[in-house]
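J.: Sequence:
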Amino acid sequence: MGKFIYNSSSREIEIDDRTLAHLRVAILNKLRRSESFAMTWEHGVENGSGRTTIWLHESIPLQFVFSGNRPPALNRLWVEQMLLAANSTAGLHFMPEPEQTEPFEAE
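Take the sequence shown: its position 99, counting from 1, is numbered 99 in UniProt numbering, and each next residue is one higher.
Hints may contain errors.
[As the list claims (entries may be wrong)] Pair ranges (Cβ atoms, derived): (1) 67 <-> 46: 16 to 26 Å; (2) 89 <-> 69: 32 to 42 Å; (3) 29 <-> 68: 17 to 27 Å; (4) 91 <-> 59: 10 to 20 Å.
For the record, the hints were derived by calculation from the structure and aren't laboratory data. We put the beta carbon where it would ideally sit given N, CA and C, even for glycine.
Take these sequences, add in the hints, and give me the full structure.
T.: Next comes the structure, spelled out in structure tokens:
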């Protein structure tokens, strides 16, 4: 399990490395173009239910901490779906991985 750490908050979001790798590509693509957006995730029953939404902006530090040292092959369709969600009024949110069409290398 990797971790997503936003700003200097003590809150860390545990995310499996494969999902985190795809979120990293989508988030960094948005921020390198100076495009701010919202991201929402559910806490899960084990963490008291509920959900959190944050506003991602290029000036706020963030970290992607992976537990493994080997990056996974990326699913282009999944990254594209994440980018479409980030462009919507609902914002980026966790979604299941779609059937992989072909792997690609991140830029």
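J.: What hint numbers does the structure not satisfy?
T.: Going through the list in order, the structure violates no hint and respects every one.
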